[in-house]
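*Asks:* Next come the chains, spelled out residue by residue.
2 protein chains.
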Amino acid sequence: MKGLVALVTLLLSFGCLADNSQPLPSWQDGASRQAILAFVERVTDPASADHVERSARIAVFDNDGTLWAEQPIYFQLLFVADRVRAQAEDNPAWKTQEPFASVLKGDLAGAFSSSHEAPIQLIRASQTGLDTDAFDQVVRDWMQTARHPTSGKPFTRMIYQPMLELLEYLEDNGFKNFIVSGGGIDFMRPWTESVYGIPPERVVGSRVAKQLEVQNGVVRVVHEGTMEFNDDKEGKPVGISQHIGRRPIAAFGNSDGDLQMLQWTTAGDGARFAMIVRHSDADREWAYDRESDIGRLDKALDIAEEQGWTVVDMKQEWKQIFPE
Amino acid sequence: MKGLVALVTLLLSFGCLADNSQPLPSWQDGASRQAILAFVERVTDPASADHVERSARIAVFDNDGTLWAEQPIYFQLLFVADRVRAQAEDNPAWKTQEPFASVLKGDLAGAFSSSHEAPIQLIRASQTGLDTDAFDQVVRDWMQTARHPTSGKPFTRMIYQPMLELLEYLEDNGFKNFIVSGGGIDFMRPWTESVYGIPPERVVGSRVAKQLEVQNGVVRVVHEGTMEFNDDKEGKPVGISQHIGRRPIAAFGNSDGDLQMLQWTTAGDGARFAMIVRHSDADREWAYDRESDIGRLDKALDIAEEQGWTVVDMKQEWKQIFPE
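Chains as they are written, first to last, in our numbering: chain A, 59 to 382; chain B, 59 to 382.
Heads up, some of the hints might be wrong.
Given that identical chains are not distinguished, each listed pair holds provided it fits within a single copy or across any two copies.
[Claimed, not checked] Lysine to aspartate or glutamate pairs mimicking EDC-like chemistry, simulated, CA-CA at most 20 Å apart: (1) Lys373 with Asp165; (2) Lys291 with Glu271; (3) Lys163 with Glu363; (4) Lys291 with Asp189.
I should point out that these hints are in silico values taken from the structure, not numbers from a laboratory.
Go ahead and model the full structure; you've got the sequences and the hints to work with.
*Replies:* Next comes the structure, spelled out in structure tokens:
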């Protein structure tokens, strides 16, 4: 028995086994894991000068590239393309009309870059006119059936195991976790609770306008075509203020789109934590940063170094990327 | 001892003593209390056909006239008037400029009705240019010092004891309570957690636009002058959809401004609950309904009767109105 304990201890010390009795078992016991544990200790220890009451332990997470993957293209754009295809028969003009024509030819990159308005036009086509219940069901159905183009896995399995452990660890320590994403709020809410344990009311994202409609005496809330809020870059702190109403004490992102959220979080008084997930693993995931069109990490990486934020090297620090 | 139990039972049966061992002790054991208990039993009993999982037990509450009083004028307007007075010295032009001039003369009704734009102008004057932390502090300071014009009590004591018990009872039964108010979201959030047990992120209200500002390298979120969202009437279901992301199963209001929220809530599948607080007690509170400018209850009262919604007669059904 003593020999077994020694063997397990030895394997654990080399990071060969995930030790589920410790927090964050899929993280190597390196700088990032240690920084997270030290921060949580500081804000939860009642004797600490940096103790934060439970209700103020607000943690915000970007989604694309931080909680789930975002390559070869943001997953919501694949959803939008599938929605265009599904509605093509009812919209014959789309065959020759951009950006729809490129989508129908399978050229997503061409479609989304065909004009400044193209992404909005496509997002609009994916949801305008549907009421909240109907759009919710469309997203649920897609998550059940759609598969990632290179891994062949459902998109809800393209999430990061170490980040799931981090969400759980923070929640166990009295934090409230929120998603703050450039992605569509209504595209995320139908599945974040079952996948991440984050309920719909804790999801902040980009939104289309909605309006109340009464038809045959039935009251519905219906998606309109107007983009009402872009929850990216400068929008993220604003979205947090409007939705959550408190400045977070911890923020987690992976790209320049998260920079202002990390800056606003760390500009508050008391203990603060900012972390960037760096995509450095071309074998198990993807490797990209300063030059990438998707999830570009350039300015935020410079500022992270200046400010001493925690930068996670996925390749070095994550024993496992995706759940089994 | 037996005699004492019998005496207490007797007194309780006449509603002379609040029985704190039972839910909703400040409520007479009448139709409204029974309707609430029956609904909660239906949705929480795992054996019930109408059982609702905990995460979907969303309850929404109007604030003005539902959780706290709203006479002789919405309390936020008194706050706004105090803010105008406090800034008058720095704005000498206000002495002759409406709606400010009327406020400075003490004629609030005149100020708010001086033009269609007057309420927005005054609300704007109360918060534009302040960052989130500064405005939060302004509201906290006002709540500490300001007093209700007729009762002389702090505004945070002008809340309804029976509704506090209802919030607690629902929370004890796995509900998530949210405020959905026509009042300003940033005016409510600084005090709803300590007063109602409802944290900032569960408060939905009317909002001004905000923007990110960087000054001397410090990132702040600052209130702008534009009214971005009016969380009243048709706006309430839209605000619920955008903030909460799920249709509530129970809604509580007191005026025509809550009608659409009650309609949308009850239009969903499964067990639903809609309640209207009717201000019928001129002695202990105020009595007003169809003719009132503040909190008019007219169309919603007709529809409540048609639909069989629960209408609480404050005078008859509440043993106590305000906390001791």
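*Asks:* All hints, please: hold or fail.
*Replies:* To see whether the hints hold, each was checked on the structure:
1. Lys373 with Asp165: neither (31 Å within a copy, 67 Å between copies)
2. Lys291 with Glu271: Close across copies (12 Å), not inside one copy (33 Å); limit 20 Å.
3. Lys163 with Glu363: For Lys163 and Glu363, the Cα distance exceeds 20 Å both inside one copy (43 Å) and across copies (56 Å).
4. Lys291 with Asp189: This pair counts as between: shortest inter-copy Cα distance 18 Å, intra-copy 29 Å.
Of the numbered hints given earlier, the model fails hints 1 and 3; all others are met.
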